[in-house]
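K.L.:
As a plain string of letters, each chain reads:
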Amino acid sequence: MDRRQFFVASATVAAGGIPNLNIKADSAREPKEFVGVLVDTTRCIGCRSCEVACSEAQKNFVPDTKNDNALEKIRDTSEKQYTVVNRFETAKGAVFVKKNCLHCWQPACAAACLVNAMLKTKEGPVTWNGDKCMGCRFCMISCPFDIPKFEYSGWNPRIMKCTMCYERLQEGKKPACVESCPTDTLMFGRKRELMEIARHRVYGHPDKYVHHIYGENEAGGTGWLYLSAVPFEQIGFRTDLGTTPYPEYTREFLISIPLIEFGVPAFLLALNMLTDRKDEVSDEQKWTEAGVDK
Amino acid sequence: MNTAAVPANEVVRFARFFLQELKPRGKWLTPFNVISIPIIAAGLVILYFRFTQGLGSVTNLSQQYPFGFWIGFDVMTGVALAGGAYVICFVVYVLRLEKYHSILKVTILNGLLAYVFYSGALLLDLGRPWHIINPIIGNSFGYNSVLFLVAWHFLLYTGALFLEFAPTIAEWAHWERLRKFLTSLTLGTVIVGITLSMLHQSGIGAMFLMAKPKIHPLWYSEYIPLLYFVSSIFGGLAMVIFEGTISGKVFSNLIGQKTHHSHDDIILGLGKGAAITMFVYYFFLAFIFMHGEKWKLINTSWGYWYLVEVIGFVLIPCFMFAYGVRNKKFGVIRTAAAMTVLGVILNRQNVCLIAYNWYVVDKYYPSWQEIVVTLMVVFVEVWVFRWIVTRMSVFSKE
Ligand code: SF4
Ligand code: SF4
Chain A
1 MDRRQFFVAS ATVAAGGIPN LNIKADSARE PKEFVGVLVD TTRCIGCRSC
51 EVACSEAQKN FVPDTKNDNA LEKIRDTSEK QYTVVNRFET AKGAVFVKKN
101 CLHCWQPACA AACLVNAMLK TKEGPVTWNG DKCMGCRFCM ISCPFDIPKF
151 EYSGWNPRIM KCTMCYERLQ EGKKPACVES CPTDTLMFGR KRELMEIARH
201 RVYGHPDKYV HHIYGENEAG GTGWLYLSAV PFEQIGFRTD LGTTPYPEYT
251 REFLISIPLI EFGVPAFLLA LNMLTDRKDE VSDEQKWTEA GVDK
Chain B
1 MNTAAVPANE VVRFARFFLQ ELKPRGKWLT PFNVISIPII AAGLVILYFR
51 FTQGLGSVTN LSQQYPFGFW IGFDVMTGVA LAGGAYVICF VVYVLRLEKY
101 HSILKVTILN GLLAYVFYSG ALLLDLGRPW HIINPIIGNS FGYNSVLFLV
151 AWHFLLYTGA LFLEFAPTIA EWAHWERLRK FLTSLTLGTV IVGITLSMLH
201 QSGIGAMFLM AKPKIHPLWY SEYIPLLYFV SSIFGGLAMV IFEGTISGKV
251 FSNLIGQKTH HSHDDIILGL GKGAAITMFV YYFFLAFIFM HGEKWKLINT
301 SWGYWYLVEV IGFVLIPCFM FAYGVRNKKF GVIRTAAAMT VLGVILNRQN
351 VCLIAYNWYV VDKYYPSWQE IVVTLMVVFV EVWVFRWIVT RMSVFSKE
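Taken in order, these protein sequences are the chains called A and B. Each residue of the first sequence is one higher than the one before, counting from 1 in the working numbering. Each residue of the second sequence is one higher than the one before, counting from 1 in the working numbering.
Isolated chain A, as found in the complex (with noise of 0.2 Å):
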């Protein structure tokens, strides 16, 4: 992250053509402790109550979890809810999923946003200002997860997407949704710790869990973790997202622009240069002037 912006800054605004100065930002790098959640998905049993204390703590719609019938169908994140809880049929019974923003260790949806509405805060949650936001939607078009969901209706529309609880956290509290969770599914910790626990659960039941934990390094490694009985594909994840953090994708564009932005005009310049034809035809004026003429 540190190194991108710092590299995409130095690009965009000096432009002073010094791209090796990144190779100082490399070493500048911070090590981090992002905070993030671990999902262990054999642990759930349905009973929505993160739903519930998700749409309670962010004022959202609350569903009526008794009466709603929801999990008869997959549901996807919604401008209601940050989060929603999925019932996937499987050759090891029903599994259920919770569903929301993971995140990302680098955000999509903060490379993309022009105006930092979106920000991969210092403590790991991916926050959203509506003090900022165009409603440009392009953080949606960008997220490999599509998680953040858009207010069509309204004049005045917000991006809605799960905030981690952030300011909850700098309370010193944990988020709604895992201090509601009544089976200990969602497990809130820095992510070194919980990749740890992760692991450990893995390997001493390598029976009851799939070899991988889905978040290590997808999309370049998310907040959010989870463990799965069955492969991941299975219960609603994109196993096709490579580890490739995303905005890496766009890294090579953004620093071929100082570049452009040198290079082409001179180039212009000298080709305007090459193609005066003024000098050619006095030549030729001063050729007959001095012999024909006179």
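Because the hints were derived from the structure by calculation, they are not lab data. Backbone N, C-alpha and C fix where the C-beta goes; we use that ideal spot for every residue, glycine too. Certain hints may be false.
[Stated by the list, open to error] Partial chain B-side listing against chain A, Cβ under 8 Å, derived:
id: 1; residue: Y93
id: 2; residue: I194
id: 3; residue: V380
[To be verified] Beta-carbon label-pair distances, calculated as ranges:
id: 4; chain 1: A; residue 1: K73; chain 2: B; residue 2: I316; range: 55 to 61 Å
id: 5; chain 1: A; residue 1: N156; chain 2: B; residue 2: L185; range: 22 to 28 Å
id: 6; chain 1: B; residue 1: I276; chain 2: A; residue 2: T275; range: 14 to 20 Å
id: 7; chain 1: B; residue 1: S393; chain 2: A; residue 2: R277; range: 24 to 30 Å
id: 8; chain 1: B; residue 1: I316; chain 2: A; residue 2: N156; range: 43 to 49 Å
id: 9; chain 1: A; residue 1: G130; chain 2: B; residue 2: L19; range: 41 to 47 Å
id: 10; chain 1: B; residue 1: Y323; chain 2: A; residue 2: R238; range: 42 to 48 Å
id: 11; chain 1: B; residue 1: D362; chain 2: A; residue 2: T275; range: 53 to 59 Å
id: 12; chain 1: B; residue 1: L29; chain 2: A; residue 2: N156; range: 40 to 46 Å
id: 13; chain 1: A; residue 1: R238; chain 2: B; residue 2: L185; range: 48 to 54 Å
id: 14; chain 1: A; residue 1: R238; chain 2: B; residue 2: I298; range: 20 to 26 Å
Once you have looked at the hints, place chain B with the ligands on chain A.
P.N.:
Just chain B with the ligands, lined up with the frame of chain A:
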């Protein structure tokens, strides 16, 4: 003019002159007016609902399709087809091919209006348009965003186009000294303008680089920026031919005899340029196709659709241009130009809407309101264009 003491009576003179010029000229009940006025009125009503009740009240946009017709057609396609302005500027000022001078002003005007109106249409699509100043006044710069780059280059390039056109405005307002001054800026503006164009034309393509998992692999490649840039060259050239054909008919009384004749020569040159760039583009496409080993994707309905675009609207018009230029068949060149324009439209729609989230069941179709507003934007642009060309010396009178 630029001395400190601008006489007050000059301001008064200009105000009177402007009011005089504002009055419509000619007949009112032309077919174009009869069609366009109701559509513009309907568009305004739709926009009222859009700004009071949200985008969802008039558009078919959804969570899966955050970009719709207003972005995919008005902005993305409008900008690509306005590429003619920088190409012609390059040809006239950098390569100094004087032959094309007579179409320079009208091409710049077309470019300027396209940028003002089609990228202006972006404001209709933004959820919180009043925050559009944020990336400009500098309280929040998203340096690492491709869109940030595109936004700035859009803005600067529109300014450059305005400067390129400004001498004509100064001439119309009888500001002789200002006109001389503005004319002296032209070469610099043109060079900056070409550079800005290269960057934002390709930048629009680069906006889709992060949408890798969502765009059908036949349309996605890491070379999208290059493809967008090259296609804006021939798209722009085709549009110049296309618009020239229409203006030549509609405004024939404004165009001088000599220009009418040299126009044939110009069309041959433009057609040749289009044929060459299209061939280069086709070569890039073929290279990307081979390199990405996309053979297995061809024998699907998406593959056939891809072939329609690439063969039907790139390769065939490319050959038609070449044939038309060689045999001086102007009808063929004009048809090829129309097909090329359609091809660019098709390509932008494919990347942005059709092959975007191609696996989704609920596909996006523009609502009738979105189409009416798009037509409104086009018609208002034509109105302004007509107002300007009938008052300022845009077409060559020689
Ligand atoms: S999952 Fe999507 S919205 Fe969440 S941080 Fe990653 S890119 Fe952003
Ligand atoms: S919609 Fe808002 S948050 Fe998303 S990219 Fe645009 S400005 Fe940023």
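K.L.:
Broken hints, numbered, in rising order?
P.N.:
The structure breaks hints 3, 4 and 5; every other hint is satisfied.
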